[in-house]
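Asker: With the hints as your guide, set chain B with the ligands onto chain A.
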Amino acid sequence: MAVIGGGVTGLGVARDLAQRGVTVALFEKGDLASGTSGRSHGLLHSGARYAVKDPVSASECAQENRILKKIASHVIEDTGGMFVAVEESDLEYERVFLDGCKKSGVRVEELSIKESLSREPYLNPNVVATYLVDDAAIDPFRLALANFLDAKSNNAQIFTYTPVRLLVEQGEVTGVRLIKSGENVHADIVVNATGAWAGEVCRQAGIKLEVKPNKGTLVVVSKRIVNTVLNRLRPPSDGDILVPHQTTMILGTTSTYVRTPDNLLPTRKEIKLIVMEEEKLVPLVRRLRVIRAFSGARPLLEGGSGREAARTFLVIDHDESGVKGLITVTGGKLTTYRLMAEKTADLVCAKLGVRAPCSTDKEELPEVPVKSTLERYEALEGELRDGKEVVCECEMVTRSEVEKAFNVLAARTLGDVKRRTRMGMGECQAQMCAYRVADLMAESFGFGADEALNMLSDFLREQWKISRVLEGSQKAQTEFFKTMYRLAGSLDG
Amino acid sequence: MTGKVDVLIVGAGVAGLTAAEIIGEGGFQVLVLASGYGCSQASSGTIDVLGRYKGENVLDVEAALEKFVEEKPWHIYALAGKKTVLNALSDFQFRSGGLYAGGGGRNMKIITPLGTVKSTYLVQFTMLNASFESLAESKVMLVALPGLTGYAPHIIAGKMRNKGIDVKMTKLDLFATSPFQLASSVESNPEVLIEKLREVGAGDHDWVVFPPILGLRNVKETWQVVEEKLGTRVVELPSLPPSVPGKRLYFLLRRRCEKAGVSVVLGKIVKGIKLMGGKVTRVLTNEGSYVPSALILSTGWMLDHVLRIRGMPRRGKNEYGIKVEGVENLFFARTLVSHEEKIGLGAAITAGWLVGKAALDYLRGRK
Ligand SMILES: Cc1cc2nc3c(=O)[nH]c(=O)nc-3n(C[C@H](O)[C@H](O)[C@H](O)COP(=O)(O)OP(=O)(O)OC[C@H]3O[C@@H](n4cnc5c(N)ncnc54)[C@H](O)[C@@H]3O)c2cc1C
Ligand SMILES: Cc1cc2nc3c(=O)[nH]c(=O)nc-3n(C[C@H](O)[C@H](O)[C@H](O)COP(=O)(O)OP(=O)(O)OC[C@H]3O[C@@H](n4cnc5c(N)ncnc54)[C@H](O)[C@@H]3O)c2cc1C
Numbered sequence: 001m002a003v004i005g006g007g008v009t010g011l012g013v014a015r016d017l018a019q020r021g022v023t024v025a026l027f028e029k030g031d032l033a034s035g036t037s038g039r040s041h042g043l044l045h046s047g048a049r050y051a052v053k054d055p056v057s058a059s060e061c062a063q064e065n066r067i068l069k070k071i072a073s074h075v076i077e078d079t080g081g082m083f084v085a086v087e088e089s090d091l092e093y094e095r096v097f098l099d100g101c102k103k104s105g106v107r108v109e110e111l112s113i114k115e116s117l118s119r120e121p122y123l124n125p126n127v128v129a130t131y132l133v134d135d136a137a138i139d140p141f142r143l144a145l146a147n148f149l150d151a152k153s154n155n156a157q158i159f160t161y162t163p164v165r166l167l168v169e170q171g172e173v174t175g176v177r178l179i180k181s182g183e184n185v186h187a188d189i190v191v192n193a194t195g196a197w198a199g200e201v202c203r204q205a206g207i208k209l210e211v212k213p214n215k216g217t218l219v220v221v222s223k224r225i226v227n228t229v230l231n232r233l234r235p236p237s238d239g240d241i242l243v244p245h246q247t248t249m250i251l252g253t254t255s256t257y258v259r260t261p262d263n264l265l266p267t268r269k270e271i272k273l274i275v276m277e278e279e280k281l282v283p284l285v286r287r288l289r290v291i292r293a294f295s296g297a298r299p300l301l302e303g304g305s306g307r308e309a310a311r312t313f314l315v316i317d318h319d320e321s322g323v324k325g326l327i328t329v330t331g332g333k334l335t336t337y338r339l340m341a342e343k344t345a346d347l348v349c350a351k352l353g354v355r356a357p358c359s360t361d362k363e364e365l366p367e368v369p370v371k372s373t374l375e376r377y378e379a380l381e382g383e384l385r386d387g388k389e390v391v392c393e394c395e396m397v398t399r400s401e402v403e404k405a406f407n408v409l410a411a412r413t414l415g416d417v418k419r420r421t422r423m424g425m426g427e428c429q430a431q432m433c434a435y436r437v438a439d440l441m442a443e444s445f446g447f448g449a450d451e452a453l454n455m456l457s458d459f460l461r462e463q464w465k466i467s468r469v470l471e472g473s474q475k476a477q478t479e480f481f482k483t484m485y486r487l488a489g490s491l492d493g
Numbered sequence: 001m002t003g004k005v006d007v008l009i010v011g012a013g014v015a016g017l018t019a020a021e022i023i024g025e026g027g028f029q030v031l032v033l034a035s036g037y038g039c040s041q042a043s044s045g046t047i048d049v050l051g052r053y054k055g056e057n058v059l060d061v062e063a064a065l066e067k068f069v070e071e072k073p074w075h076i077y078a079l080a081g082k083k084t085v086l087n088a089l090s091d092f093q094f095r096s097g098g099l100y101a102g103g104g105g106r107n108m109k110i111i112t113p114l115g116t117v118k119s120t121y122l123v124q125f126t127m128l129n130a131s132f133e134s135l136a137e138s139k140v141m142l143v144a145l146p147g148l149t150g151y152a153p154h155i156i157a158g159k160m161r162n163k164g165i166d167v168k169m170t171k172l173d174l175f176a177t178s179p180f181q182l183a184s185s186v187e188s189n190p191e192v193l194i195e196k197l198r199e200v201g202a203g204d205h206d207w208v209v210f211p212p213i214l215g216l217r218n219v220k221e222t223w224q225v226v227e228e229k230l231g232t233r234v235v236e237l238p239s240l241p242p243s244v245p246g247k248r249l250y251f252l253l254r255r256r257c258e259k260a261g262v263s264v265v266l267g268k269i270v271k272g273i274k275l276m277g278g279k280v281t282r283v284l285t286n287e288g289s290y291v292p293s294a295l296i297l298s299t300g301w302m303l304d305h306v307l308r309i310r311g312m313p314r315r316g317k318n319e320y321g322i323k324v325e326g327v328e329n330l331f332f333a334r335t336l337v338s339h340e341e342k343i344g345l346g347a348a349i350t351a352g353w354l355v356g357k358a359a360l361d362y363l364r365g366r367k
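Read top to bottom, the protein sequences are chains A and B.
Counting with the numbering used here, you get residues 1 to 493 for the letters of the first sequence.
Counting with the numbering used here, you get residues 1 to 367 for the letters of the second sequence.
Next up, chain B with everything else stripped away, as it sits in the complex:
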């Protein structure tokens, strides 16, 4: 297969799909190719922007970002500028149809799947109260499902007890082959879950804390039904892969891309690019080649060790830059994570946004 397209985007993670939507909305034809789902779907779905800075937990993100960009002028946050970072994030939240909550320049503390605490910027709305502070001094039922891994319920319960929360663990006998299957069966028929929880007296608790299984595509309604029928407040925790929140995030971005007229093809491996006269002229894949007017590489960082793309111009030390000198139609939205500073999807959204706008400007300039 060979094809001419306005923009070819390699990678269907958060960075690639964010850029795709922007360019699609700008009226250009966009094709996204990806070998697979990437890290975005494996993530626990919280948008980590800058959770820690110089060893301190960050709560005031706006203030911390200001210092951060001064200190690291090469970082994608500095290239974008503090304002743009925050704009990209609030735009992401605004377009999430209510799936994402939080923000407003401040981090919140959330309980992680391992029972530790992380400062993060946006969370899926079901997790807004997934913090030791929100659950303090109350009676909590923590739901565990045999066979459902992805979090460490006994460690989490232990941590809750350490903080004086009156927690009771309930093991529900609901078996599923995967958390995705479970979440989608809860979505189509929440009664089974509700009935089982009633039997064990969930209604007598202030909170019922779940792993993320309350719906896959239609979370809002599922969550509301469960909360109303149980007559208590309901919270979800994030999870490790296989991750339902990560899948929800992917579905959200795919829906938005579809609206913007973007096509996405999975299962394609980009093997090499050809450069001529300061431009990318051809992109080679495992099945056929493409001739794009502009190329965006949003391949994450992890698969670079495996799927090397031949013919790439050298980028030097600047892993965060969105351009290389001398190649006018090539853009990079590859984002590194920082374990120490708790930077993850925040950088992916920023990079996707920045590159989407830059590519759009480039295409408009050519017309």
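The shape of chain A in the complex, shown without the other chains:
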């Protein structure tokens, strides 16, 4: 069995199959969760957002929301969510919203405005209606890592930085070819779990699959002043969700079709639009510093446009259209990744004649041996009290956590360390810690001095890509650090 794609879906498939005793190898072209999974809003949907337009998705979300809160509670912050009507016109949507939720089994509870404001004092005081739902914040990186660890513990082999192509022999998919080494790996079945890239992979076997990459932009602000997920009570539109994450808040999103899911960068216009819209939910947002913005590609399925398109998922057995050996799973959401994996694994097992049932909905995901920032704050003790061992002060990442990222969690680059530990996701955006971690790599992980410096350059280039569209004090900060590295540190690249 081979799986292509190391997002949450592919890792979920690997975990599920490995639990059922199937031999699995997973290939990811970048790092774990470096595709859409790591660029999502990190909202564990209650289903309410899709209740009106897409009731199937809504019920799937409601069901998975309950399951994930049980099996993955350590990567979820159960913040709860609110739907907020800001203007009188939002109220036109109220009725259909409540009906939709009822029909799809999504729990909603009315909350008085007074209660809402005492729960979230920074909420716009002029709101006209508020409802409570079961939304939560989920850390996509830690979710991916937990699935990775579980799959590995059941003997799955997982290869990062290994792009592959389908191996096609006489119209049949017989495995994958590793693009870098040219090696062929044969497999009875290949699962294409490449999300927004799924159409591209299918094309390698001559299959036409309509997955349209749809770009969404998210904006990170430096302070966390809200502790509940906030949604605008209106038909889904730009800039109407706010999710608190660790020390920051993420605002979003937007929706535009793009040609390819690769190299997406936010524009200044998108950032402005998002901040302007979110101000209506939380007026103080305008005064917070935008420390970063990023874009991801939703794997939207054919039919409808943008937000109209289905958010449900597809598991396709290409055997039915004459191509043996390939199954594609795409579409869906982070929230429904486990269900997508289950359906895919069911199909694979049926084909392989494996009887073992799915157990991913009951078995808890393993602990991730790196803390979240909130856990670090709670554990302000031991290692942390002795400030010597902290390498990233903003997110309080310790030296031993960086070591675990390399030794246990298969990190290979500075970006990988960031995704695993939140190193550099806070206020200073990795500017003060990047060189320290590079130095640590030269000290403890056998990197040569030049290798460590190259890695530092690559990482910073990626961090700075966004500086073109950031403004005000964030721009000044970026200029400062660019000068620090490039003039004082004479780092070119």
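None of the hints are false.
FRET-style restraints, in silico, Cβ to Cβ:
1. 72(B) / 379(A): 53 to 59 Å
2. 289(A) / 315(B): 23 to 29 Å
3. 445(A) / 66(B): 46 to 52 Å
4. 217(B) / 181(A): 57 to 63 Å
5. 217(B) / 224(A): 39 to 45 Å
Since the hints were derived computationally from the structure, they do not count as laboratory data.
Where is the CB? At the ideal position from N, CA and C, for every residue including glycine.
Answerer: Here is chain B with the ligands on its own, set in the frame of chain A:
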């Protein structure tokens, strides 16, 4: 607060303080206002004039400057002229009381805090031998202090090994809340450091290489004591912020300004200027306004994104010019850095010098 002054200077970085000293020495009353310390203090304190030109490392600065000013007639170096640039720099060095070494028309190569190499013009004297060439073929002890960041000791050690230097890393157990505190405690009591280094056999090495912690205000004596007592040669490397060499540079300029009778007030934000009849008539700050005979803006380049000053006349494309047409008593000493060409404090010193002289001429002409 409202005040009449001869010259108001906005910005207490190297450019502003260089101009302030010149005008103060010329006998005029100078007030420097600044929101904070600026980049100058965050710098690693080496004076980068022109480290690279057309992708090539520059060693002969005089020759490279000659071509540079021809090619970029709008640049502050061209406005000053090659001779003036070199004069301003040697004057800076001369007045540094021995803190700065190098110069003489040539760059030297220095090891940066990240272990790369940079060509720079003047360095603090403790760093004169901070190059792979000086340390070649010798036995080196590289000092690391847990908790002291600002440089990448393991990368530096790796680079030294690549170049065949026999380097040993020593981690000293000396904890400090900041490098400034450490440097000043080494200055007041160098024995603790010396003792620890003796224990680990520092004396058996040809060189002991430190991060910049050998003194904050009195570097010369601190350095001498450490070198004598250890019985080996001692070198400092530059550092990233928080930067002791940057702080030393600031103290040096403040001392010089004090001698020239200049007052410096930190924590003031200039919000706007008023123009009337081709002159700046009033300068507005977060606390009160000022009525200067001449105004110098030496606000660096970085904070412009944050602290916008209202009422500024348009400067067009010329970021380096020291004047705008039609406003006789307004001077600019704002200097851009160039990452590619390794231009930093060299431009700040040149701009401060040029503007200081120009403002002085203007004030004298009015009398
Ligand atoms: C802006 C935005 C916000 C979102 N917010 C939410 C949210 O809040 N909640 C939610 O539930 N959902 C959200 N989603 C949707 C969710 O993120 C995705 O549906 C989900 O992450 C898809 O996961 P995946 O594993 O299928 O795809 P991906 O995470 O994209 O994984 C596919 C992987 O395949 C790899 N790959 C591609 N081609 C190859 C190849 N040839 N060889 C090897 N590897 C290859 C890619 O590198 C990638 O890592 C959001 C999406 C976007 C764009
Ligand atoms: C991290 C770092 C390391 C560097 N290392 C080196 C190096 O090793 N070698 C080198 O040659 N160069 C280096 N540079 C570049 C060098 O520091 C700068 O080019 C130089 O300091 C600029 O000097 P300045 O006087 O023009 O501006 P600054 O030193 O930035 O001073 C600007 C002043 O203006 C004030 N100000 C700004 N706006 C207002 C306002 N509206 N109201 C009141 N006050 C205001 C600020 O508070 C500050 O006092 C480095 C830069 C950085 C950021």
